[in-house]
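Colleague: The residues making up each chain are set out below.
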Amino acid sequence: MFTRRLLMAIAVSAVFAGSAFAQDKSILVASTTSTQDSGLFGHLLPMFKAKTGIDVKVVAQGTGQAIDTGRRGDADVLFVHAKAAEEKFLSEGFGVKRYPVMYNDFVLVGPKSDPAGIKGSKDIVAAFKALKEKGIDFISRGDKSGTHQAELNLWKVAGIDIATDKGPWYKEIGQGMGAALNTAAASNAYVLTDRATWLSFKNKGDLVIEVEGDKRLFNQYGVMLVNPAKHPNVKKEFGQQFIDWLVSTEGQKAIADFKINGEQLFYPNASDPGA
Amino acid sequence: MRAPTSDLPIRFENVTVAAGAVTILDGISLTLNPGTPTILIGPNGSGKSTLLRTAMGLVRPSQGRVTWGGREDVPPTRRAIVLQRPAMLRRSASANIRYALRASDVARTEQQSRIDELLALVGLGQLADRPARRLSGGEQQRLALARALARDPAILFLDEPTASLDPAATKAIEDIVHAVSQRGIKIVMATHDLGEARRLAGDIVMLHRGRVIETGPAAAFFNTPQTGEARTFIAGELLV
Amino acid sequence: MPGDVSALQLVLTGDPALLAIVRLSLIVSLSAVVLAALIGIPFGAALALIQFPGRQAVIVVLNALMGLPPVVVGLAVFLALSRAGPLGSWGLLFTPKAMIIAQTVLVAPIIAALTRQTIEDLWLEYRDELTAMNVGPVGRVATLIWDARFSLVTALLAGFGRAAAEVGAIIIVGGNIDGFTRTMTTAIALETSKGDLPLAVGLGMVLIVIVIAVNALAWTARRAGERMAG
Ligand SMILES: Nc1ncnc2c1ncn2[C@@H]1O[C@H](COP(=O)(O)OP(=O)(O)O)[C@@H](O)[C@H]1O
Ligand SMILES: [Mg+2]
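Chains as they are written, first to last, in this note's numbering: chain A, 3 to 277; chain B, 1318 to 1557; chain C, -6 to 223.
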């Protein structure tokens, strides 16, 4: 008797699961862990929803994975930070148009004791060279994310071919920013992170900012509608509304207003055509 | 919805039952006719249970054939069996009987009165709601008998149905068997208890090592056994 | 950011966001168990009763599938449900339904394999009686499933435990979308990646409490039922 009632309850819940989530006025945005984990979306989306009634569902992935999600047609909008990859995506016809939205910056964090002796420097390239020469532990995300690609680019600028020059000090973990920070905190290593994730990260341990402020550490975000011509299921009206709002005066102000502990994390620059 | 023709006689034609390399029944030819109870006797392991299960249709001969009323492969709608170790369905005593009634398409409205009647017949009226698997060995044996009778069989096979019963319960079962037989139902029963065989038998089939050693009317078998094995067995000596 | 409040406190004070996460976790995992039972129990029972060439191989494979890695299942379901995949037109990727599908794939072999074992053992015991009562194939299956129901509850619990605990499959096909496809396990993965270890541990404890509660409920039901039915 009892089991029959239990099974009924479970069956009812199964039916319920089928209907409860039918929401049509919504779009799916593939974005990066940095925008999600920093809480930026938690700040922006309620405002957008209040204005338009559109629900924005965010799947936070590494940039490489997010772009792949767009390529497969599983998202309506891409909101990522890897300009070269975004332009490739456009040129292949998967996106309609790229809009610059904002930038934030990367910082190099490492142990308070600073075994590489680079603390306070503004020259990220010199810092990378020092890490390599002294063979100091460095955590790389190794996950093809925007941050990973920015890191690889910095090695290249430093004249280091990391694929051949890496030693046991260079550890690729193939995971997200949080996991990389957790690993660095646990092993007193250096790691390149975006400032937003860093500020909202709760398990810093002995890690502090070693290098910041270098122009080469700036990190540009772009937003693109997935091409409805390639993927007819893309909700182009709602998606375009979201993009238009992000680059509007109102959206740009909302981005600038987002702060953690009084610190601004993202700098709107939709009006900068070269960004 | 019963087949109009009878399952009797049951005829074994040179039946051999083998399990792997072991020959359990060895070239048995035998006819079970309507009438008084046929009692299967023989020491442990002589093949009594296997013979009953073959006659029921639960075991297929490896060689030879079995026919029921002259036909092969007759479904057991008019036969019932009380196995040596009956399996109790995981339900109450009365639900076990209800299951058998439903399996033989007894109308729902009739089921409850039949259940009460059958439980009373085997002396389990007080235990109707007890989970069958919580009954004692003897009670389970009696429930299995009630469950077999629920199928309203024309032939009832019984495999040592009194083996785990005390004398009073044994008497009760033997009385039921007697009454059932009086109603014209053919009883085929295995026992290794000679006293019981004497009390119930119309005729005797004696098995030894998978073969039929001797058959015949009970009186003749007990008074003038024809074979050494039968004499040894009847004398209560160890037949190995 | 509720970083300095434990998840348990959030549940006790009825924090709506957290309750929604708990509710979704239960709906997804329980629905997956129900669907997996609808597939796994008849399949397991059929495998127990039907003899066919290659049956042993099927049983070996089925037992091996009990240990399917969730990420592999997640990836397979992802590829199937992606717009670029064969079932893309259903539009199910990154929805709770996709998570239910992935967990159903994960759980069905567990329920099928345990059902096969249970029903086969019971069939050995019942075979002669049911044959003697002239019970047909459908009646046999029904009887065996019904009489094995208390053991089958254990199989369902094993499946539920697996579903409730896994993160690898649902995070891939669900996308861990805030307020939509975020469950307890994906929230734990997220909080860990944000370095909010106390909240992650708190959520983990809530998850464990819920799994224990579901098991206790089922165990009590099983005991009560067994006392009635033997
Ligand atoms: N499935 C089986 N496989 C192998 N041997 C069996 C099997 N069934 C019965 N036997 C053997 O066949 C012989 C006859 O068994 P059975 O018919 O139960 O005898 P009885 O009922 O007279 O004691 C025994 O030796 C028993 O061990
Ligand atoms: Mg026997």
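Treat the hints with care, as some may be off.
Simulated restraints, written as ranges between beta carbons of each label pair [what the hints assert, rightly or not]:
#1 C/Val65 <-> B/Gly1344: 30 to 40 Å
#2 B/Gly1386 <-> C/Val65: 56 to 66 Å
#3 B/Arg1377 <-> C/Ala77: 54 to 64 Å
#4 C/Ala135 <-> A/Lys27: 45 to 55 Å
#5 B/Gly1553 <-> C/Asn56: 37 to 47 Å
#6 B/Gly1344 <-> C/Val51: 51 to 61 Å
#7 C/Asn56 <-> B/Gln1428: 35 to 45 Å
#8 C/Ile205 <-> B/Gly1454: 45 to 55 Å
#9 A/Lys206 <-> C/Val51: 47 to 57 Å
Everything labelled a hint here was simulated from the structure, so no lab data went into it.
Glycine is no exception: its CB is placed at the ideal position from the N, C-alpha and C atoms.
Colleague: Run every hint past the structure and note whether it holds.
Modeller: Hints and how they fare:
1. C/Val65 <-> B/Gly1344: 30 to 40 Å: violated, 58 Å
2. B/Gly1386 <-> C/Val65: 56 to 66 Å: About 60 Å separates the Cβ atoms of B/Gly1386 and C/Val65, which means 56 to 66 Å holds.
3. B/Arg1377 <-> C/Ala77: 54 to 64 Å: At roughly 56 Å between Cβ atoms, C/Ala77 and B/Arg1377 fall inside 54 to 64 Å, so the hint holds.
4. C/Ala135 <-> A/Lys27: 45 to 55 Å: holds, 46 Å
5. B/Gly1553 <-> C/Asn56: 37 to 47 Å: violated, 53 Å
6. B/Gly1344 <-> C/Val51: 51 to 61 Å: For C/Val51 against B/Gly1344, whose Cβ atoms are near 39 Å apart, the range 51 to 61 Å is violated.
7. C/Asn56 <-> B/Gln1428: 35 to 45 Å: holds, 41 Å
8. C/Ile205 <-> B/Gly1454: 45 to 55 Å: The hinted range 45 to 55 Å is violated for C/Ile205 and B/Gly1454, with Cβ atoms some 39 Å apart.
9. A/Lys206 <-> C/Val51: 47 to 57 Å: Given about 53 Å between the Cβ atoms, the range holds.
Hints 1, 5, 6, 8, counting from the list given before, are not met by this structure.
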